[in-house]
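**Q** Sequence:
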Amino acid sequence: MELHSRVYYTHPDAQLMGQLETLFKDHEGSSEKFLEVASIINPESAELAQDLLDQVDSIEYDLRPETLNYIAGYAVLDFVHGSEGDEIIENILVFLKALVPEITVQAWGCGDDDPWEFWFKFDGDELIREDDEPLNDPDEDEEIKASIYAWWHQDLPSEIKEGFLNEE
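Following our numbering, the numbering of the sequence shown begins with 7 at its first residue and continues without gaps.
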């Protein structure tokens, strides 16, 4: 099973956004490069970064997005992982929030088998996870849109429309 995920993050400091891009795109599978860039972003982050590295099987495949794009001021990292992908995404979000406490970061993901979605978003320092199974029942879909979708999209720019129920 493959899990497809998108991590969305933003910060008002353009230089920091560039450093975060470098963190994910330029490590080329090297934990030393990853640790080096993390320490540039936050000099006290060595332990945080090492903890993240210890939680993944492969830095090259688990911490390097397939693509990195920008939409409405947000960086969007697209990942493909195996069945543990939701745990990896959770670890990435916790790491980013600890690395840069004032960052806005959240994620969405889905499996490639069933119509199942998982959603991560911080409430202060607490990471909240929600799961849903859309496209099974129209009444349930309306409830999902009114609850999970509304919660996750709150405060995001209107250009960001994530989730199966938002697809045209």
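No lab work stands behind these hints, which were simulated from the structure alone. Note that the coordinates shown come from a computational prediction; the quantities given were computed from them, not determined experimentally. Using N, Cα and C, we set each Cβ at its ideal position, and we do this for glycine too. Hints are supplied without guarantee of correctness; some may be wrong.
Simulated crosslink set (DSBU-like; lysine-lysine; CA at most 35 Å straight-line) [said to hold, decoys possible]:
id	residue 1	residue 2
1	K151	K31
2	K39	K103
3	K31	K167
4	K39	K167
FRET-style restraints, in silico, Cβ to Cβ [as the list claims (entries may be wrong)]:
id	residue 1	residue 2	range
5	G24	K151	13 to 21 Å
6	E34	D57	34 to 42 Å
7	K31	D145	38 to 46 Å
8	E108	D57	29 to 37 Å
9	E27	E165	13 to 21 Å
**Q** State for each hint whether it applies.
**A** Cross-check of the supplied hints:
1. Between the alpha carbons of K151 and K31 the distance comes to roughly 33 Å, so the proposed pair stays at or under 35 Å and holds.
2. Distance hint between K39 and K103 is fulfilled; the C-alpha atoms sit about 20 Å from each other, no more than 35 Å.
3. Annotation: proposed proximity of K31 to K167 holds, straight-line Cα distance about 24 Å (limit 35 Å).
4. At roughly 33 Å between alpha-carbon atoms, K39 and K167 fall within 35 Å of each other, so this suggested pair holds.
5. Under the hint 13 to 21 Å, the C-beta atoms of G24 and K151, about 35 Å apart, miss the expected range.
6. Take E34 and D57: their Cβ atoms lie about 21 Å apart, and the range 34 to 42 Å is violated.
7. Look at K31 against D145: about 43 Å separates their beta carbons, and that is inside 38 to 46 Å.
8. Remark: the range hint 29 to 37 Å for E108 to D57 is contradicted by a beta-carbon distance near 20 Å.
9. E27 and E165 have their C-beta atoms about 19 Å apart, which keeps the hinted 13 to 21 Å range intact.
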